[in-house]
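Could you put together the complete structure from these sequences and hints?
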Amino acid sequence: MKIISNIQKNILIAAVGVMLAAGTLNADVPTLKTPNLNAWQTTYDNLRDLTPQWGRQSIEAIKTSLEVGVPMVLLDIRTPKEWENGIIENAQLVTLNDLPKAENIAKLPKDKNSIIAIYCKGSVRSTLAMALLQQVGYKNAIIIDGGMTAWKKAKYPVVNKK
Amino acid sequence: MRELISKYIVLLTSVLIVMLSVLFAMSQNRDETDTKKDISSALTIKTIALDSKKIHKGKKLFSSQGCARCHSVEGKGNKRNPLDSVGDRLNEDSLKKWIIGDDSLQDKMSERAFEQKQKYKQLLPDELEALVEYMRSLRLDTNVSIEKEDTNISEKPKQKEFEVGKNGTCLECHSNAGHMMQTVKPKDAPSDDGCAVGPSRPAFLNAFVNKEFEHSTHGKLGCTGCHGGDAKEDDQEKAHLRMVPAESKCVICHSDIVTLHASSLHSTLSGMSHTLKLRSGEDNFHKLGTVWNNDCKSCHAGCADCHIILPRAVGGGLLKGHEFLKKPPMKETCATCHGSRAGAEYLGTHEGLEPDVHFEAGMHCLDCHKNDLHGDGTTYTSRWDVKGRPECTDCHDALPNDSTPHHSASHVNVSCQVCHSQPYQNCFGCHAEMKEGHYIRKTSHKSIDFKIGNNTLKDALIEYTTVRSNPVSRDSFEYFGKNLLPHFDDHPTWKTIAPHNIRRITPQNRSCANCHGNKKLFLQKEDLDENGSKENNAVIPNKVP
Chain D
1 MKIISNIQKN ILIAAVGVML AAGTLNADVP TLKTPNLNAW QTTYDNLRDL
51 TPQWGRQSIE AIKTSLEVGV PMVLLDIRTP KEWENGIIEN AQLVTLNDLP
101 KAENIAKLPK DKNSIIAIYC KGSVRSTLAM ALLQQVGYKN AIIIDGGMTA
151 WKKAKYPVVN KK
Chain B
163 MRELISKYIV LLTSVLIVML SVLFAMSQNR DETDTKKDIS SALTIKTIAL
213 DSKKIHKGKK LFSSQGCARC HSVEGKGNKR NPLDSVGDRL NEDSLKKWII
263 GDDSLQDKMS ERAFEQKQKY KQLLPDELEA LVEYMRSLRL DTNVSIEKED
313 TNISEKPKQK EFEVGKNGTC LECHSNAGHM MQTVKPKDAP SDDGCAVGPS
363 RPAFLNAFVN KEFEHSTHGK LGCTGCHGGD AKEDDQEKAH LRMVPAESKC
413 VICHSDIVTL HASSLHSTLS GMSHTLKLRS GEDNFHKLGT VWNNDCKSCH
463 AGCADCHIIL PRAVGGGLLK GHEFLKKPPM KETCATCHGS RAGAEYLGTH
513 EGLEPDVHFE AGMHCLDCHK NDLHGDGTTY TSRWDVKGRP ECTDCHDALP
563 NDSTPHHSAS HVNVSCQVCH SQPYQNCFGC HAEMKEGHYI RKTSHKSIDF
613 KIGNNTLKDA LIEYTTVRSN PVSRDSFEYF GKNLLPHFDD HPTWKTIAPH
663 NIRRITPQNR SCANCHGNKK LFLQKEDLDE NGSKENNAVI PNKVP
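Chain order of the listed sequences is D and B. Each residue of the first sequence is one higher than the one before, starting from 1 at the first, in the working numbering. Each residue of the second sequence is one higher than the one before, starting from 163 at the first, in the working numbering.
Where hints are given, some of them may not hold.
Claimed, not checked - No more than 27 Å apart at the CA atoms, straight line, and that leaves these computed lysine-lysine pairs for DSSO-like:
{"hint": "1", "chain 1": "D", "residue 1": "112", "chain 2": "B", "residue 2": "373"}
{"hint": "2", "chain 1": "B", "residue 1": "373", "chain 2": "D", "residue 2": "139"}
{"hint": "3", "chain 1": "B", "residue 1": "459", "chain 2": "B", "residue 2": "373"}
The set of hints was computed from the structure by calculation and includes no laboratory data.
Right, dumping it as structure tokens:
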């Protein structure tokens with residue numbers, strides 16, 4: 001019950017963030033034009049359906065890309081409690097609730113072409129965060145499909161939060 | 163009277179002999195200057211005017227377009243197809259046709275050569291002209307003198323030349339990972355036949371160039387230096403026009419190893435063509451062109467297939483942001499083409515089987531295969547003949563030795579793998595056909611077995627070896643014609659192999675009885691396909707020892 005209410009809260013915050021961001025920054029994001037705000041609130045499915053295919057990358061793709069040396073920022077938007085069980089190396093830690101704050105957005109790379117790979121536990125929160133980052137202007141914000149659950153299941157390396 | 167006649171005859175004969183010998187001596191000892199006079203009086207020396215500017219340009223193109231991969235001039239380049247007298251043999255028109263692989267010449271050259279030449283259709287008219295002019299200047303016939311027009315170009319001393327290109331707009335896209343991620347669509351992967359096995363990876367990595375590459379030795383040559391194309395163009399399509407296969411440039415700086423590699427089995431696949439020809443006969447081999455091109459030849463490995471990209475047999479794509487890898491990563495390169503057999507054995511990916519003990523010890527394919535991959539100038543017809551191929555005894559003591567009682571003289575007629583390898587994959591009855599324009603090959607079945615048989619190699623010492631079923635069957639290529647393998651019964655399809663999954667302790671070497679008298683381990687009549695090659699019977703051991 002608590003989780004559900006958490007998600008609902010997050011969706012609301014993200015939606016507000018999206019509204020604010022869309023209003024102030026006037027970013028040109030053709031893939032996410034949806035005038036009906038109710039659509040944001042009903043379920044994250046709408047968002048997911050709006051995500052282009054390249055916007056969801058598998059954990060294998062992310063791992064191989066990191067090995068190849070593709071420059072990307074990993075963004076862990078889970079909660080501090082979840083971070084304690086291990087994060088992906090070099091990930092930036094910002095909770096979804098804090099992400100819309102200007103000071104946190106400012107911590108992200110200035111180049112709006114940078115790849116920002118967002119992950120959470122599954123991929124629900126990431127989808128919301130991706131929408132937010134796209135509205136702020138990051139053209140290459142992507143979701144790590146399956147999130148930390150899939151990452152750990154594949155026994156990919158995790159590190160402890162510093 | 164009779165005496166007189168006989169005297170005449172003797173005289174005449176002797177005069178005749180003397181005259182003949184004089185004539186013979188004259189013809190043999192003709193002065194060279196005389197010869198020239200004779201010929202010059204008989205023939206007029208042809209004079210051809212050639213533009214030496216064009217010749218110079220043609221010469222440069224000859225090296226930059228990678229012609230030396232297949233041809234040689236004055237002994238430099240691939241000596242199998244010398245061009246030293248090409249100017250005598252061909253006129254301007256046919257030279258042009260031969261360079262661009264004109265359709266009318268398709269029957270006159272090998273399919274591979276024809277295919278390779280197609281890219282030269284992209285040459286600009288003046289470039290083609292320059293190449294033709296250069297070819298026309300290559301003459302050995304002394305009756306032709308070449309009049310070169312005066313130019314200021316002084317012939318540079320012969321040295322390796324590489325025209326450094328530009329990066330220009332190329333890296334704006336290729337190093338922009340986000341852009342690549344959005345725009346690169348996954349290619350149609352080669353149909354999965356379970357033979358070559360490619361790793362799954364995101365498509366955009368295939369074309370992603372790491373920014374750091376720019377500062378590496380090869381990066382300094384500039385994108386267009388190797389790839390051609392237009393580095394000033396913003397439009398994707400236009401920028402990629404007139405690109406050349408970059409692999410043709412390797413030879414400019416690495417001529418020794420590239421020339422050697424042209425003779426290697428990885429490059430010629432002569433092992434495959436040889437064995438296929440043994441079964442099909444020379445005549446039928448030509449009818450198997452589709453099979454050869456789509457199947458055997460798809461495994462051809464050039465420089466890039468190991469050092470820069472994933473092997474093209476599994477679809478290609480940059481391995482590591484265009485980094486040049488001196489030591490190819492074995493899982494991504496070696497173990498993809500050699501995927502279902504040697505690769506899977508070595509890495510231990512077959513279910514229930516352990517990896518090779520050498521892999522567990524951290525050894526790379528190249529740690530053993532040091533000297534047999536790049537070729538030595540000889541085109542072998544089997545990998546077993548390659549000089550410098552690795553053998554167990556390179557590191558381990560040959561039998562008999564004292565390390566264990568089993569390494570005694572009684573086991574010298576047994577190959578190492580008989581005692582030390584695990585079961586391995588056998589493929590049976592591969593069939594090839596065309597379906598909707600695609601070449602399809604599929605085995606009838608596969609199984610993991612371990613079979614000991616008679617050694618099919620000419621090795622006097624080793625009597626028993628591990629044998630593997632090669633997936634060819636009598637009707638493998640039936641789609642392409644009837645009875646295309648008339649010599650099928652003359653060659654076994656179960657052949658000696660060295661499985662790459664070595665363990666010190668294996669089920670068969672745990673005790674004497676595990677192997678001796680254990681019929682299951684030995685190739686038996688029941689294991690053979692009823693319609694298989696009759697020669698397979700020769701591989702079955704006479705008795706189970």
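Each hint tested on the structure:
no.	hint	result
1	D:112 with B:373	17 Å, holds
2	B:373 with D:139	20 Å, holds
3	B:459 with B:373	34 Å, violated
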